[in-house]
Structures are given as structure tokens and as C-alpha cells.
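Protein sequence lines correspond, in order, to chains U and V. According to the working numbering, the first sequence is numbered sequentially starting from 20. According to the working numbering, the second sequence is numbered sequentially starting from 54.
A hint or two may mislead.
Lysine-lysine pairs mimicking BS3-like chemistry, simulated, CA-CA at most 27 Å apart [to be verified]:
id: 1; chain 1: U; residue 1: K90; chain 2: U; residue 2: K203
id: 2; chain 1: U; residue 1: K111; chain 2: V; residue 2: K122
id: 3; chain 1: U; residue 1: K84; chain 2: V; residue 2: K122
id: 4; chain 1: U; residue 1: K90; chain 2: V; residue 2: K122
id: 5; chain 1: U; residue 1: K90; chain 2: U; residue 2: K111
id: 6; chain 1: U; residue 1: K111; chain 2: U; residue 2: K84
id: 7; chain 1: U; residue 1: K203; chain 2: V; residue 2: K61
Hints in this document: simulated from the structure, not taken from any laboratory.
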Amino acid sequence: MNEEKKAVDADDGGERTLVTAAARGDRDAFDRLIRAHMNRVFNLCFRMMGDSEEAGDCAQDTFLKAYRSLKDFRGDSSFSTWICSIALNTCKTRLQSASYRYGRRAASLAVTGSSTPDAGSVDPPDPAPTVLEAMERHEVEQSLQTAIQALPADARSVIVLRDVEGFSYEEISRMTGWPIGTVKSRIARARDQLRTAIRGVL
Amino acid sequence: MDCEQARKILPEYLDGVLSPDQRSVLETHLGDCEPCARELASFRAYLQAMHELPRMPAPEGFVDAVNRKLDRPSVWRTWISERLSPLFRGTPLRVAGLVTSVLVVVLVYQRMLPHRQPTQVVPIQSHQVERKSTGEGALPAAPPPVTPSPAPAHQTPSPGSASFADKGSKPSPETHAHVPAESDRPLELVVVLSGAKGDGGRPMTAKPPAPTENGSPDILARSGGSAGTARPEREAPASLPQRSPSSHGPDRETAGASSPMISLEESAKSASSPPVAPQARPSVRAERSSSSGEALSKQDGAPRRDNRLSDTGEVDSARFTGEPRHRPVGIDPAVASLRTLLKPLSGTIVNVERTGEPPSLATVTLLIPARSYPQFLRDVETLGMIRSGRVATLPSGRTDPLTVRVILVSP
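Based on the sequences and whatever the hints tell you, model everything.
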């Protein structure tokens, strides 16, 4: 569970006020909502898409959809959960689009046989104290991200929500619309696949 | 607790949601089972790695980018404003959209409607189609009117008339011709049937026309003498094509044209009156030769065999055996005779309507190529004298086909 989510949830009262103001057309209030959730939304999109450019587009589209749907936000869940569910659906829609598939296939053909890392990926900040640790961590991260990208979209979404973003099973069930049992079983299968994929580097 | 149960609850153990009893049992098992302990370590390492994945921050300028997208009009609004705003400048967008929607609906509706023809479609005979296929008598757009006439342009068959639809043939799209609309009034010729003069004053018959039993002119008198007598062959105009009498199909009427037939009024009478015994019937002056060459011409009052083809092309034997005659519905012998008579005329017969009001006998509507009009006049003169309506020179703007109504009257 990351600190960002806790901070946002702790200020739920103020957030509702911002949401109400933004729903009335207050762009400043919506800007504050964007700043409060953009990193989390972008990170979720990056883990789903595996590409910073695609993640940026999906994150922007997520806030556009959220702004146009603010009047439909009933407050049954937190704004964070709500906007992450929008981000999740945006990414899944993008993953299923023909243009994305075509672009991914062309990109994979272009880098075939090349040992250079994906040009679209963003190197995460590296706080490792030594070069060796940094190389090992980078290898694990690359392996994990590659393994996540290899998952089907549904399994990818639940594993990102659970193991990356730290949402509870109930929240994931609410966001995806699947029963908790289904969520748990899908998470278990996805974990097995990921652990199998990264067994050599862990 | 066995290994399977232990590995099943490992995620919940790591999530910290197990009850204290389950937790203690699992920890006891993990202390005794090396494989399950390694599984727990692997699972923990996986979760640690996932949690340690770096948080990817949103790029700089993300808020501005979102705001730019929010301020940017949608694709549809952009398209509408670019394409339609010049048309509706100063008009509210909703009004412009409404007007555009109405225009689209109207255009789509017009597309869906069947194409309106400026002319009426009536079925024609197959030989007309043959003419069209050979280029002769092609039927382009309706010509402009030449001679004002109160007569309607289109001919709707009345109960007393017969048209080609009476043949019983189902009209197909290929067998349709366009009759000019009302705005294109047809030429109208009034022809006094005399039969005295033919083309260029040549005698058309060996004998002058003789009145029939009821006093009406015999339009076929030029074809032969009185009843029961052998008649010479009708002298066909030199310009008319000679057709074989034994031909069938569309040329069946042609064969009839070259052979004597009952008179118009005779046929009209038989058509309008109940069936009568052959003895009481007016004489039939001649019968056409059948395909077997049998030709009978008798007026002895006894029932006799007549191989005359009926209007439908069948041998009408019941007529001469005293049996009740059952004529096909809608077939008028008088009209059939007229068709046969008018067959040599240039052009295509569209409609034959028997008026039944003396002195007018019938009205025939024909379509003829404009270039054939002079020849048509000569052909008409083989029937009788053109009393009125003759136009010597057609206006230059007249185009094919000409619609001509020939009103046949008794002198």
C-alpha cells in the first residue's frame, strides 16, 4: 500500500468538495484533483501499457472522461477508486484497439534482434547505492514489466491493481465488476504466471 | 495441515488477513516443511519486487496537456464548424444542426423513393422490343407537343377497349414503353374509312367498298368481294413489308392482315351480343388459310368449321359448332380485327379503343418514329381518307417517338 493512496484517502472530505466544485465547472478545482491523482493514474497506465507515451495518452484521456462524467460521480467509492477504474477501462480499451495492436506489432518487428531497451520506456529513478545492485534491480524490473505485459488484459489489470497499486479485493471487485472469488482466482493465476516468469532473476 | 492447504492460504497469510488460529497452524507447518517454506520465501520475494517497482511519475506539463484537451473542441464540433459554419454563419449551432438534419433526411428520402417517371408505363408487344433492340423506333424522351389537342396523352384501357395487356402476357421491364405524358399531346388524325383509295390514289381493292348487312361500311371491303365469294388478295402498299401468312407469334396478326377478316362492326356486334347460332350469324366472307392450307369460305347456313385463329391464337371451333362460345375475358374480336388491319401501319400500336358511338368507330393510339411519319401517312391512306389532323411537316423540335391517335370514323 503506497503512501500516495493513503494521503489521498486521508483527505477524502476535501476531495469531495473539489469534486463538487469541479462538477459545477470549476476548472481550478479540477486542476487540483488532477495534481492529486495524476501520478497514480499515470503509473497505473504505465504498468498496464508498458510504454510512457501510451501511458501519457491514456492518463490524459482518463481525466478528460472523468471531467465529463463528474456529474455521474455519486460518491459511493473514493474519487481515487473511481478515477482508477476509469483509467483501467481506458487502458483496456486502448489495448484492444486495432491501431494499438498494429503499432505494437510494428514496434516489435522494428526492435527484433536489437539488444537496446524499448525506446518508449522510461527509466525509473535509480536510488541503488551500487552499480551491481542497480543492474540487478533493473533486471528484475524489466523482467517483471515484461511478464506483466505478457499477461492477458484482465489478468494484467487485477495484478496491477492488487500488487502494484495495493487496492483491496473488495475495491478491485467494485472497480472491475467481478465477484471477489473471481478476482482472487484471477490474481492467484496471474501471480503464478509472474512468479514463473521471474523465477530466474529473483 | 498438508502442503496443498498451506500453499492455498499463503497469499492471505502475507496479506495478514488470516485468523490467529490459522496463522499459528500455518506457521507450524512452514517450520516443519522445507518446500512450503521455500514457496513462502519465493512468494514474499515476488511481492517485494512488485511493491518495489518504481512509481512512474506523470510527465511534466501533464496538467496543461489535460487542460488543452479539455479546451479543445471535439472532433465532431471541429468538423461541423469547419464544414458547415460558412453555411450557417450567425446562426445558432442548434438551429444549424436542425436544418442540416432536415436536409439529410430529405435527401435520403428522395434517394429511397422510386425514381419518378415523367411518362406512364404501359406494356407493349414483343415485336416492339425487337424494334428497340435493332435501333428502329427507339423510345427516347417524350417529344414536345405539336398539335394542340384536348385528347389525353395517356391511354387507359376502358372496359370496352383492349390493349396489349389483354394478351394476358405479364409485362416485364423489358416490354414497357413510355407513353408521353399529358403535356405531350399526340397528333390526332381522323380517318374516314372508305377503302376506295389507297396509296397514291391506287385502288386498294378489286371492288369498291360495299356496305355490310347492317349498313355500316366494311373496312375490309377492299380486301375482297361480298360474302361467300372468292376475293382477290389485298394489294398491300409497296412500301409495306410482305409477311408470310403462315408465320406465328408476333406475326400472327400480320398473317391476318393479308387475309380477309370479319368486319369491324360485325365483330363488335358479336362481342357485345350474346352467343348466337351460326345460322343466324352474319356471313363470314372469308377465312384465312390455316397452317395446313385448309381454307373454307361458306355461307350455307350450316354449322361449319372455321380455322380462324381466335384472338389468343387458338382455333375457335366452338363458334361454328353451335356450342356456347366462351371468349376469353377482355378479348374483343373487333379490336383484334382492327389490330390485324392496322398491323401494316408504320409504328407500334399502343392501344385500340372501340368507341361504339357512330360515326366514330374506334380510336387507335400508335407510337411511330418521327422519321417514319410521312410513310405512316401513306399507310393510313390505305385505310381511307384522312379528314383532319394531317400535319404535312413536323416541327423541327419533334423527337421520337410520336404519339398518334387515329380516329376511325364511318363516312
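Here's how the hints hold up against the structure:
1. As the CA atoms of K90/U and K203/U are separated by approximately 32 Å, the hinted pair breaks the 27 Å bound.
2. Of the supplied pair hints, the one linking K111/U and K122/V holds, its CA atoms being roughly 21 Å apart against a limit of 27 Å.
3. With a C-alpha separation of about 11 Å, the suggested pairing of K84/U with K122/V holds against the 27 Å cut-off.
4. Proposed proximity of K90/U and K122/V is supported: the alpha carbons are some 19 Å apart, at most 27 Å.
5. Restraint check for K90/U and K111/U: satisfied, since their Cα atoms lie roughly 23 Å apart, inside the 27 Å limit.
6. With a C-alpha separation of about 14 Å, the suggested pair K111/U and K84/U falls inside the 27 Å cut-off, and the hint holds.
7. At most 27 Å may separate the alpha-carbon atoms for a hinted pair to count; K203/U and K61/V meet this at roughly 11 Å.
Of the numbered hints listed earlier, the single one contradicted by the structure is hint 1.
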